[in-house]
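There are 2 protein chains.
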Amino acid sequence: MPFIVDKIDDRTKARLGTLQTAHGTVKTPVFMDVGTCGTVKALEPRDLKEARAQVVLGNTYHLMLRPGASVLEASRGLHSFMGWDGPILTDSGGFQVFSLAKNRKLTPEGCRFNSHIDGHEFFLGPKESMAMQRVIGSDIAMVFDECLPYPCERDRAEKSVEQTLKWAAECRAQERAPGQLVFGIVQGGVYDDLRRHCAEELVKMDFDGYAIGGVSVGEPEEEMYRAVDASVPYLPEEKPRYVMGLGVMHQMAECVARGVDMFDCVLPTRIARHGTAITRRGNVAIKAAKWIYDQSPVEEGCDCYCCRNFTRSYVRHLLSCGEILGLRLLTIHNVYALNRFMEDMRAAIAEGTFFEFKEQIKKDTKSK
Amino acid sequence: MPFIVDKIDDRTKARLGTLQTAHGTVKTPVFMDVGTCGTVKALEPRDLKEARAQVVLGNTYHLMLRPGASVLEASRGLHSFMGWDGPILTDSGGFQVFSLAKNRKLTPEGCRFNSHIDGHEFFLGPKESMAMQRVIGSDIAMVFDECLPYPCERDRAEKSVEQTLKWAAECRAQERAPGQLVFGIVQGGVYDDLRRHCAEELVKMDFDGYAIGGVSVGEPEEEMYRAVDASVPYLPEEKPRYVMGLGVMHQMAECVARGVDMFDCVLPTRIARHGTAITRRGNVAIKAAKWIYDQSPVEEGCDCYCCRNFTRSYVRHLLSCGEILGLRLLTIHNVYALNRFMEDMRAAIAEGTFFEFKEQIKKDTKSK
Chain A
6 MPFIVDKIDD
16 RTKARLGTLQ
26 TAHGTVKTPV
36 FMDVGTCGTV
46 KALEPRDLKE
56 ARAQVVLGNT
66 YHLMLRPGAS
76 VLEASRGLHS
86 FMGWDGPILT
96 DSGGFQVFSL
106 AKNRKLTPEG
116 CRFNSHIDGH
126 EFFLGPKESM
136 AMQRVIGSDI
146 AMVFDECLPY
156 PCERDRAEKS
166 VEQTLKWAAE
176 CRAQERAPGQ
186 LVFGIVQGGV
196 YDDLRRHCAE
206 ELVKMDFDGY
216 AIGGVSVGEP
226 EEEMYRAVDA
236 SVPYLPEEKP
246 RYVMGLGVMH
256 QMAECVARGV
266 DMFDCVLPTR
276 IARHGTAITR
286 RGNVAIKAAK
296 WIYDQSPVEE
306 GCDCYCCRNF
316 TRSYVRHLLS
326 CGEILGLRLL
336 TIHNVYALNR
346 FMEDMRAAIA
356 EGTFFEFKEQ
366 IKKDTKSK
Chain B
6 MPFIVDKIDD
16 RTKARLGTLQ
26 TAHGTVKTPV
36 FMDVGTCGTV
46 KALEPRDLKE
56 ARAQVVLGNT
66 YHLMLRPGAS
76 VLEASRGLHS
86 FMGWDGPILT
96 DSGGFQVFSL
106 AKNRKLTPEG
116 CRFNSHIDGH
126 EFFLGPKESM
136 AMQRVIGSDI
146 AMVFDECLPY
156 PCERDRAEKS
166 VEQTLKWAAE
176 CRAQERAPGQ
186 LVFGIVQGGV
196 YDDLRRHCAE
206 ELVKMDFDGY
216 AIGGVSVGEP
226 EEEMYRAVDA
236 SVPYLPEEKP
246 RYVMGLGVMH
256 QMAECVARGV
266 DMFDCVLPTR
276 IARHGTAITR
286 RGNVAIKAAK
296 WIYDQSPVEE
306 GCDCYCCRNF
316 TRSYVRHLLS
326 CGEILGLRLL
336 TIHNVYALNR
346 FMEDMRAAIA
356 EGTFFEFKEQ
366 IKKDTKSK
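Same order as they appear, the protein sequences are chains A and B. Each number in the numbering used here comes from the position in the first sequence (counting from 1) with 5 added on. Each number in the numbering used here comes from the position in the second sequence (counting from 1) with 5 added on.
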């Protein structure tokens, strides 16, 4: 069994787990750091280790376009290409095909499209996605699915779920990289019965884990929790659950309380590049003029490399000069901040104080 | 005595030296890494240590504009601001005032100008430059001078040298940061007698070291060596000699053969950001398509962090995606490459094989 539930919280559905992959063990709940094109932007593997990252997420769509399958094959997969020896999860590419690619032409076999970078034509369907994820050699592959927009009409959602289920079955049947786990993805938009139907059908196919997709796509926060609540009860206890595209502290805590184990998001690295730090007291715009003389670290009490060595005054200066080091230092902080947050969350579950932990982070960070 | 000549080569004027500064000892010949705005671009202090950097160069002009004297005062100088505890050398700002600043108005007291960034008005002369370098707290300060363009008429050069000498005397009389050394700068363009005159007058003022300025400003290579040859004989044996703005391997070796001890240049970090690697076999455009599948490191035999861990294929991919990590890895390599080159040069002087070393690097890298 690759996934073991080590403890379930008394007052919520939160759980502590251990996920065994071909490249090491993952402690859950876990936040996974997004490395779109074979690098978590501005960081190298040793930075990720130092920032306590457990899993790097690679984007199949981006890696298919650049460097392409032949380069990754020549390098014997993404692990050795990027020098990361820990676990890698890959998405299926579906989300980017439907949001980034141009001239999409959808067929029952997948989607023909032009690269958003140079217009080159590609085709991505369940078979192609799994083949690409096999070349990448990820430890966890995701099935090829259609991520519904918000809002979405019932009729469209129904058809899409059927397509997603067909593709899931095809993905399930494909050859895998050695030791590769494959996760199904529950879609269904805001329709509880569609979520249930999708979850139940996927569970029949027996995946190694299950994601809840189509959340954090612009819907109100309550709709997001509702989609989770509509899916989790129909997923097996003994398999990991993953909410895709979520990286806000109190939202992750709320989802963990609902039985979710895994998250990913570009947020920590993206907002770092825009000069914003994630802290336990909410986000802080370090670029702001008010920090010009500030001799305190980006986050008081944080022991990341940035906070141990530099002041807000210095980081603000770097950002205002457009210096690469500024966004690199903030990226180091933000990645560490979320990984440490998950560590503390796991400790709270272990100690039986998760509910208080969740309420506290909501109080301290929400609407800030 | 802050500078000790440990050995002079038999066949050339090359020398091994030890320069004592308030923040540690520098082994010469040395290449100094340029950290314009309080960071060697894309690198943090631990990277510099790992890349065997000895001295960081700060630009007084840039630091005066951003973050400005008041911020550096609040941070107790540049060392603690940027977290670098090794030696720092600052230029005087003269070169940038005369090349970057807008609406320059020159007076005998210095130069009024508008910032090239936001148009703010500043004044920089010998007093202001030394005051700013005192606030920065550099270990080695440079006198405020006028760097002559190439070509430059005799008449203009003569007047400029007189101005530079007056300013040098004024700089010499200013208060210093604790333990700060001050270097004079020999100007005089391509006129040997002006170089000699300038050197002799500066030596009378008794500086801690002497730079040869106004070289590597677009003149033919032979003119550059001529300017060095016209200056060195009139500088004291027991003081360090510094050619400003030079960072090409065979050119540094030629200058070392002429008795020069110190160099600096933006080249290694700037060309890294444009995708070019410095190697012992000449520069290599890592961005080039021909490296797409190349599984060798950026430089065979190099043991920098980049070469130990990544392939040309990977670095090329990062550069072609515009990923920050690509230019960061090449910056790490290039800084290491030059620092290691200087180490090997020092070893060659120590072993009595410097002449052969110099001829070899010329053969291996020139016109490549």
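If you're looking for bench data, these hints aren't it; they were derived computationally from the structure. A few of these clues could be false.
Any copy will do: because identical chains look the same in the list, a pair fits if it lies in one copy or spans two.
Said to hold, decoys possible - List of simulated lysine to any residue pairs, SDA-like, C-alpha gap at most 25 Å:
| no. | residue 1 | residue 2 |
| --- | --- | --- |
| 1 | LYS209 | GLU348 |
| 2 | LYS371 | CYS157 |
| 3 | LYS292 | ILE329 |
| 4 | LYS18 | ASP197 |
| 5 | LYS292 | ASP123 |
| 6 | LYS295 | ALA106 |
| 7 | LYS12 | VAL76 |
| 8 | LYS132 | ASP308 |
| 9 | LYS164 | GLY91 |
| 10 | LYS54 | ILE329 |
| 11 | LYS295 | ASP123 |
Checked hints:
no.	hint	verdict
1	LYS209 / GLU348	neither (33 Å within a copy, 65 Å between copies)
2	LYS371 / CYS157	neither (27 Å within a copy, 64 Å between copies)
3	LYS292 / ILE329	both (14 Å within a copy, 19 Å between copies)
4	LYS18 / ASP197	within (19 Å within a copy, 84 Å between copies)
5	LYS292 / ASP123	between (34 Å within a copy, 17 Å between copies)
6	LYS295 / ALA106	neither (41 Å within a copy, 27 Å between copies)
7	LYS12 / VAL76	neither (42 Å within a copy, 51 Å between copies)
8	LYS132 / ASP308	neither (45 Å within a copy, 41 Å between copies)
9	LYS164 / GLY91	neither (38 Å within a copy, 65 Å between copies)
10	LYS54 / ILE329	both (21 Å within a copy, 18 Å between copies)
11	LYS295 / ASP123	between (42 Å within a copy, 19 Å between copies)
Checked against the numbered hints given earlier, the structure breaks hints 1, 2, 6, 7, 8, 9 and satisfies all the rest.
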